[in-house]
Amino acid sequence: MKTLLKLFTVLSITVLLSCGGKEDKKKDSSSESNSPKTEKATQTPAAKTETAAKTQEVKPSKRVDLTTKGVGPIKSVTLASTIDQDMAAKGAEVFKNMCTACHRTDKKFIGPAPTGILERRTPEWVMNMILNPEGMVKEDPLARELLIEFNGSPMANQNLTEAEARSVLEYFRTL
Amino acid sequence: MKNILKTSVALVSILIGFTSCNNSGKSNGGSGALASNVAEKVYVPPGEYDSHYAFMSGGYSGNLTVYGLPSGRMFKEIPVFSQFPTNGYGYTEETTPMLETSYGFVPWDDSHHPDISQTDGVLDGRWIFINGNNTPRIARISLTNFETEEIIEVPNSAGNHSSSYITENTEYVVAGTRFSVPVPQRDMPIKDYKGNFKGALTFISVDPEEGHMDIKFQILMPGFNYDLSHPGRGKSHGWFFFTTYNTEEANSLLEVNASQNDKDFIAAINWKKIEEYVNNGGGTMMPANYAHNLYDEDTHMATSTMKKEVRVVNPSEVPGAIYLLPTPKSPHGVDVDPSGEYIVGNGKLSANLTVHSFTKMIDAIENKEFDGDAYGIPIIKFEDVLAGSVEQAGLGPLHTEFDGKGNGYTTFFISSEVVKWKLGTWEVLDRKPTYYSVGHLTIPGGNSREPFGKYMFAMNKITKDRYLPVGPEMEHSAQLYDISGDKMELLLDFPTHGEPHYAAAIPAEIIMNNVKKIYRLDENEHPRKATNESETKVVREGKNVHIYMTTIRSHFSPDNIEGVKVGDKVFFHVTNLEQDFDVPHGFAVIGANTAELLVMPGQTRTLTWEPKQVGVWPFYCTDFCSALHQEMQGYVRVSPADSNLDLSWSLGE
Chain A
1 MKTLLKLFTV LSITVLLSCG GKEDKKKDSS SESNSPKTEK ATQTPAAKTE TAAKTQEVKP
61 SKRVDLTTKG VGPIKSVTLA STIDQDMAAK GAEVFKNMCT ACHRTDKKFI GPAPTGILER
121 RTPEWVMNMI LNPEGMVKED PLARELLIEF NGSPMANQNL TEAEARSVLE YFRTL
Chain B
1 MKNILKTSVA LVSILIGFTS CNNSGKSNGG SGALASNVAE KVYVPPGEYD SHYAFMSGGY
61 SGNLTVYGLP SGRMFKEIPV FSQFPTNGYG YTEETTPMLE TSYGFVPWDD SHHPDISQTD
121 GVLDGRWIFI NGNNTPRIAR ISLTNFETEE IIEVPNSAGN HSSSYITENT EYVVAGTRFS
181 VPVPQRDMPI KDYKGNFKGA LTFISVDPEE GHMDIKFQIL MPGFNYDLSH PGRGKSHGWF
241 FFTTYNTEEA NSLLEVNASQ NDKDFIAAIN WKKIEEYVNN GGGTMMPANY AHNLYDEDTH
301 MATSTMKKEV RVVNPSEVPG AIYLLPTPKS PHGVDVDPSG EYIVGNGKLS ANLTVHSFTK
361 MIDAIENKEF DGDAYGIPII KFEDVLAGSV EQAGLGPLHT EFDGKGNGYT TFFISSEVVK
421 WKLGTWEVLD RKPTYYSVGH LTIPGGNSRE PFGKYMFAMN KITKDRYLPV GPEMEHSAQL
481 YDISGDKMEL LLDFPTHGEP HYAAAIPAEI IMNNVKKIYR LDENEHPRKA TNESETKVVR
541 EGKNVHIYMT TIRSHFSPDN IEGVKVGDKV FFHVTNLEQD FDVPHGFAVI GANTAELLVM
601 PGQTRTLTWE PKQVGVWPFY CTDFCSALHQ EMQGYVRVSP ADSNLDLSWS LGE
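Here the protein sequences come in this chain order: A and B.
Take the first sequence: its letters are residues 1 to 175, numbered as in the UniProt record's numbering.
Take the second sequence: its letters are residues 1 to 653, numbered as in the UniProt record's numbering.
Just so you know, these hints were derived from the structure itself, not from any lab.
Even for Gly, the Cβ is constructed at its ideal location relative to N, Cα and C.
Treat the hints with care, as some may be off.
Derived SDA-like pairs: lysine to any residue, alpha-carbon spacing no greater than 20 Å straight-line [unchecked claim]:
no. : chain 1 : residue 1 : chain 2 : residue 2
1   : A       : LYS108    : B       : LEU628
2   : A       : LYS96     : B       : LYS263
3   : B       : LYS529    : A       : ASN97
4   : A       : LYS138    : B       : ASP582
5   : B       : LYS194    : B       : GLU249
6   : B       : LYS569    : B       : GLY615
7   : A       : LYS90     : B       : ASP582
8   : B       : LYS263    : B       : THR247
For the chain A half of the interface with chain B, some residues (derived, Cβ under 7 Å), not all of them [to be verified]:
no. : residue
9   : GLN85
10  : ALA88
11  : ASN97
12  : LYS138
13  : PRO141
14  : SER153
15  : ASN159
Use the sequences and the hints to build the structure in full.
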């Protein structure tokens, strides 16, 4: 009986140990990054906390980045000084049909409100987000952070043409 | 007693011996360097594509399944003649009209012989047609959206088996009756079958642009059983060939009584001649009642129309259009080689394969060398039309396909094998066993003018021990062979769904670049669509409540609905606002007596729900659509029948 008990204990410990395996690994990796192995490693956590603090201060949706053009087919957009009203009207129609299921102009809905977007993003970034949302979430750090801010709700690719996306951008200028 | 025991022991050991022989035979064929070589031939690495599509009839599933070759992976089941709760086909308001017939709503059939549309005798990959055997119907399936777009019922027909084969330019899809019946149907003694029943062979014209089907004429043939058919091609284009059995016209115990004659017939029909006769006003319009069901991709809806007459032609009206070619014994399949010269009659109770010559047939007709007639239809002398026989090729020949290199491949049901033989010399070149009891076989394009002869697959009726046992009921098995060399090489076994009778296969590149990925929202003309959220609403029309609803990752709009009452009939008209490839949304509501909806991007589908209990009832998305899929849900409040609560609906309020 005693031996049985012993055996049982050993077995239980083994089970416990193997259960804990995953967590241990996680701890290991985190402690690794914390351990002052190299100079780089000591710097990384500091940089990380800095970003984290920043994120807490300014949400990705509020952050201003007027240099990043994003990832996608749009490399350069030139905005005329005056708004093309015809194009904007067309963009309003496209926006209504293709975007309003998730975006309201005046408030956060499923996704962020586009009002004032060109004060925070480049026109290229906006169009790439419309035309290539999957690629943006994968490769553009800000787009990825936005996905997390907006609860993991993916930006749908509504298969707009470049001209349609451009008109939506023009419409955003009127908001 | 002891003796009996001994004998049984001996018998059992012999049996064991046999089985182990088989087993070792199997493992020999499938091990070592050879096996890895074979594995490479069917291995399609992750993310890469198969080289061919194969479309297998579902048999008693009533549907059509899509496979890849050489991997044998199943990609899709396309619902055709059967309700399909997986996506709501045959349950939704949009698709129930597809299954309407003159017998009312028929939610099942037995689908047999798919055939791909052709241009100049070459597969063009626009549509695939398939027959419903039990309640005679022909369906057309689009090969751009892989959906059933049209079903036409075939009147005066029963057991629609010698169907659905396509002429060289898809002028016609042809449907022949297996069972002869009284035409028109009437109350009469069964024993008076002989001489009174008719076999209707139906030529359905296909619109070259849209593919729409319309019965051009029916030939009312003698009361034989019309088993299978194939069009002529090349030099024999304009002719159609049908096998017959039960030329005895027996009406009972056909197993014995329909196998009395040494020879039955292949009926050769000059359809161009009959077409000309009909175009000049020939034939008789006969009262009939049959459904024509058509799906409109713009409205996303099907409509069913009952047609009230059909044009019939009696063989005696068009002399010189129909001849009978004697063929031993109860021929099953009739297959025409790519040149159009050879007409192969697969006499299923024979050991030999009979091949007729089209040229000899035309000569005999010109020389008027006939051997009497049947009901006025001239019978050509067997010797005058025979091109040759493949002697003692196997037992029970059923079907033949061609590789385009001068060879035929015939299945032998009783001896469970595929035999490769040479056209013209009739010599047997190779034979390979099938596991077990093979029915049809398919070579991509193997019944057209231009076969793509790299692969052949056999569809077997008996599966037995080929896979892990799964109880008495098993899926059937297909076997893929490489036919690019002199000898056939068995590459792969793969299970199929239902009972594939015939199959059609085609190189992937002919189809894959035309395949639709989404339905465009701006082309959606569904009468109850909501193509953006501002169009969502709930409308009461008496007891009917119409909910115009939208879906996008990951919410329904509206998702809170109140004012529905017990006794109402609620229609959820769900439009999927997504415009991206492979983002369907599902819709299911508690207690629905139908099925779910699976709504493709840009599509509108309608689920009908008749709430019977007061309460607040949830609905949800069934297709895991995003990380927030589990949040994609909503509620309908159902109030008592006498409630005064007005309809209201909302999202996020």
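Each hint, compared with the structure:
1. A:LYS108 <-> B:LEU628: holds (17 Å)
2. A:LYS96 <-> B:LYS263: Judged against 20 Å, a Cα distance of about 72 Å means the pair is violated.
3. B:LYS529 <-> A:ASN97: holds (13 Å)
4. A:LYS138 <-> B:ASP582: holds (18 Å)
5. B:LYS194 <-> B:GLU249: holds (5 Å)
6. B:LYS569 <-> B:GLY615: Holds: LYS569 (chain B) and GLY615 (chain B) sit about 15 Å apart, inside 20 Å.
7. A:LYS90 <-> B:ASP582: At roughly 28 Å apart (the allowed maximum being 20 Å), ASP582 (chain B) and LYS90 (chain A) break the hint.
8. B:LYS263 <-> B:THR247: Holds, because 9 Å separates the two Cα atoms, which is no more than 20 Å.
9. GLN85: violated (22 Å)
10. ALA88: Interface hint status for ALA88 (chain A): violated (18 Å vs cutoff 7 Å).
11. ASN97: Constraint on ASN97 (chain A) satisfied, holds at 5 Å.
12. LYS138: violated (15 Å)
13. PRO141: violated (19 Å)
14. SER153: With a minimum Cβ separation of about 5 Å from chain B (threshold 7 Å), the hint on SER153 (chain A) holds.
15. ASN159: Holds, about 4 Å.
In this structure, the earlier hints numbered 2, 7, 9, 10, 12 and 13 are contradicted, and the remaining ones agree with it.
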